[in-house]
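A.B. asks: Here's the letter readout for the chains.
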Amino acid sequence: MNDPRVLREARSRSLVPTRRPHYVGATVPAAALEPDDAAAAEVPRLQTVGLRKSYRKGQVTIPVLNGVNVEVREGEFLAVIGASGSGKSTLLHLLGTLDSPDAGEIRFDGCRVDNLPARRRDILRNRAFGMIFQFYHLLPEFTTLENVLAPLMIADGVVGYLRRRRRYADAAKELLATMGLSHRLKHRPRELSGGEMQRAAIARALVMGPQVLLADEPTGNLDRAAGRDILRILRTLNHQQKLTIVMVTHDLGNAEEADRIVRICEGRIEKV
Amino acid sequence: MYKLLLCWRYLRTRWIALASIVSVTLGVATMIVVNSVMAGFRHEMQERIHGILSDVVFESNSLIGFYDAQWHMEQIRQVAGDYIEGMTATVVVPALLTYQYNDRTVTRPVQLIGIDEETQSEVGDFCKYLQHPANRQQISFQLRDGGYDMRDHQAGDEAPDRPDMAQAGWAHRRRWVERQRMIESMQPRADREDAPVDPFRSDAALPAESTDPLVPVTDATPDATWPARASAAPRHAAADEPRANPSEPAAWASSPTGEEESGNPFRGLPVATPGLPADRPPREPVDQLQPDASSVHAATAAVEQAQERAPAADAAAAADLVAAGESAGAVKDPFDARPREEDVFDPASEQHDGLVLGMALASYRDQQGRDRFLALPGDDVKLSFPTAGTPPDVCHASFTIVDFYESKMSEYDASFVFVPIRTLQKLRGMFDPTTGIGYATSIQIKLRPGADGDAVRDMLRANFMPQLYNVSTWRDKQGPLLAAVQLETAILNLLLFLIIAVAGFGILAIFFMIVVEKTRDIGILKSLGASGRGILGIFLGYGLSLGLVGAGAGLAIGLLFIAYINEIADVLGLITGHEVFDPSIYYFLKIPTIVDPATVAWIVTGALAIAVLASVLPARRAARLHPVEALRYE
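Residue numbers (our numbering), protein chains in the order written: chain A, 1 to 272; chain B, 1 to 634.
For the record, the hints were derived by calculation from the structure and aren't laboratory data.
Where hints are given, some of them may not hold.
[To be verified] Selected chain B positions facing chain A (Cβ under 7 Å, derived; list incomplete):
#1 M1
#2 Y2
#3 R9
#4 D521
#5 I524
#6 S527
#7 L528
#8 G529
#9 A530
#10 S531
#11 P627
#12 V628
[Unchecked claim] Taking CB as the label site, the calculated pair distances span:
#13 B:R620 <-> A:T236: 42 to 48 Å
#14 A:I62 <-> B:L495: 54 to 60 Å
#15 A:H183 <-> B:R620: 39 to 45 Å
Ideal placement from N, C-alpha and C gives every residue a C-beta, glycine not left out.
The task is simple: from the sequences and hints, build the whole structure.
C.D. replies: Structure below.
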């Protein structure tokens, strides 16, 4: 917030709705982002301040997050570990603006995003965040390619999409090719294996060129080899493209791929 | 874009939803069909009624009518002349129609209408409904030689033939006369019966024995029965020689009313009179003088007269049997009761006054939709109707059918009989011979295009005493019928729309199911940045596209149904065993349909609106789903 340049950049890249999606992000060489690094290093890409969240079940209120303070720096691969039900998924959803905290702030590039209007948060989710889930969450009605194109469809209007559909499709195919799914373009999700589905989900998360990739137990439903494969992809993305990744997992072994690991316990963050 | 794609995918993969819109389809199709058929019927009926009835009818409250139609027309013109295009005077009286069919008497109550040949076509489509092409140009009450339409000229080419009509006209008349003569020549004389002959029994019913040696079998048999064969039956050998006697029919036809005043009662009985001397066997004079030929009331007078003169008539009888005509015996008749040659009515070459008969009065339609005729142009009929006297007497007169009137409104076709107004005025005593001015019972008024009939009616009502005159528009005359059709259409539409509304609830239920089923997809879309409005759009669009599919299919089915409605009716008739659309009831050969684009548009729009409205609630629910809960939904 202090730095007007950062603010401007944040607006131009994510908060202000623009018709042209930044799907190029995934293929932009890391060097292109280099000049910003000095400034970005001062302001964390993602930051939470005193985040609180509780769920109501009838009369009982179950506190999940109890004042979480966490910072994710630009280009960082952060792993959040914790026991089942410790609130790590809740934290991820809050970071991805899928949910609103009871108290506290979430800042993206220094801008507070938790109290943005719903429409702005939708755009932010669409442009700035890519999300992958334990159960892949691909749309069963769409083919692999269409699933990857879905964020572009959401971002663009009908006319704009149809006009640019070739460019979009090329970008999506290229992404799927890097994920090794070129032969699966026309297949429905149910015809893919778990690993393939998760790779398609990663391609979908990357297609808008997000600033942050939020991964919720990405290997939780995969066998060891496929899980390793996914982790390798995440690692590569983080290394080569300086993509900021927040991964939630219950498995310390997986977490070791990350630059930094924090643990959620009793609704608070503990350093590991 | 994702909305369209998802709508499309949902449409293609969710067959259960398509099932829910079958009722929309059926509702739309039924509504289109019902509205088109009802509109067709209504239009056809209005068209016909309007064609038959003039725009405004100005009537007298009494059967005597009002004096001087011309003066009344001028008065009407003074009141509402600006709106009036044409007028014609008519005389309308209830009457009884009688004619013979295969020795059976057919009797029908009718509406006898005297029309002015010149001006009738100015006020309505009277001529349009006639069966002879020349009569359609200008009606003539003279029997035509032939050339009557062999098929319904108002129906299309599919109308079945009317082979009977091929002979209609003079050819039919001559053939009929010939056959009558042959039948009579083969029949033994019936007049030997001692008992008085029942005037309503046909010859065929009498004992078939001939004991009179004096009467040759080949001779023209006297026809003592009325009305069988009546005036048309030849009683004279001379009838074989065709004679042109055009002046006679009018004079003859007018005689029944005039003869009471006439000095010579036989003047009015040209047909009965020749039979008097010729047919009477010597011993049974009275029997011979039973009511005969043309008119029964005239015959009563004749009987009385003849009884007095019986012996003289006996003397003349034998000679007349041998040779009819002038050779036989004017000399022998002391009363000179034998008619002069021109007074003798020869049905083979002469006609009575012309009459246009409502088609249904002389025909019926069989199950194949083919018309069967009981009488044809050329046949003679009798009419009995009240005179204009107080109290009215019964007046009987013979007429010759010159054409049929087929308006396709069975109500009218089965009751209207048209004759020239002059004839009717004379017969009913509605004509003042000293001034040449007659009475009329109504004036038909045709309005200029665009003129308001109700306004003209009200103007006339205000200016003419309602105690004496009744003014009504054609709509007033057929008001209940048109209103009934209107009400029927409205109720049917309401019911059918309720069916579509019920279909709306089906869509609602199915949509809730789909939303529940798609909860996770909704969460995914939200996590990808889809807005609540976008999700709403998906499901509203889905509802709309379901409605489009349903209404579109309904539209197609409905229009197809209408295009082939007659074929479908035929097939249904074949399957169920009884005809769905019986042409003999409706008097249409085909089911009339009118597809009103505005109505169709309304129906389709209504169906779409219901489909969209039914999807609003589920769509709102989907839009409000919490993304995290939706993602976690199992």
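A.B. asks: The structure should be examined with respect to each hint, and the outcome stated for every one.
C.D. replies: Comparing the hints with the structure gives:
The closest approach between the C-beta of M1 (chain B) and any C-beta of chain A is roughly 4 Å, which is under the 7 Å cut-off, so the hint is satisfied. At a threshold of 7 Å, the smallest CB-CB gap from Y2 (chain B) to chain A is about 4 Å, leaving the interface hint in force. Below 7 Å, beta-carbon pairs count as interface contacts, and R9 (chain B) has one with chain A at about 4 Å; its hint therefore holds. At about 6 Å, the closest approach between the beta carbon of D521 (chain B) and any beta carbon in chain A falls short of 7 Å, and the interface hint on this residue holds.
Given the 7 Å rule on beta carbons, the hint for I524 (chain B) holds: about 5 Å separates it from the nearest Cβ of chain A. Among the interface hints, the one on S527 (chain B) holds; its C-beta lies about 5 Å from the nearest C-beta in chain A, closer than the 7 Å criterion. A least Cβ separation of about 5 Å between L528 (chain B) and chain A falls short of the 7 Å threshold, and the interface hint therefore holds. Hint status for G529 (chain B): holds, given a least beta-carbon distance of 2 Å to chain A, under 7 Å.
Because the smallest distance between the Cβ of A530 (chain B) and any Cβ of chain A comes to about 5 Å, under 7 Å, the interface hint for this residue holds. This hint holds: S531 (chain B) has a C-beta 5 Å from the nearest C-beta of chain A, less than the 7 Å allowed. For P627 (chain B), the interface hint holds, the least distance from its beta-carbon to any beta-carbon of chain A being 5 Å, beneath 7 Å. Interface restraint check: V628 (chain B) against chain A, minimum CB-CB distance 5 Å, threshold 7 Å, status holds.
Here the CB-CB span from R620 (chain B) to T236 (chain A) is close to 43 Å, well matched to the stated 42 to 48 Å. One distance hint, 54 to 60 Å for the beta-carbon pair I62 (chain A) and L495 (chain B), holds here, with the actual separation near 55 Å. Between H183 (chain A) and R620 (chain B), the C-beta spacing of about 41 Å keeps the proposed range 39 to 45 Å intact.
Consistency note: the structure conflicts with none of the earlier hints.
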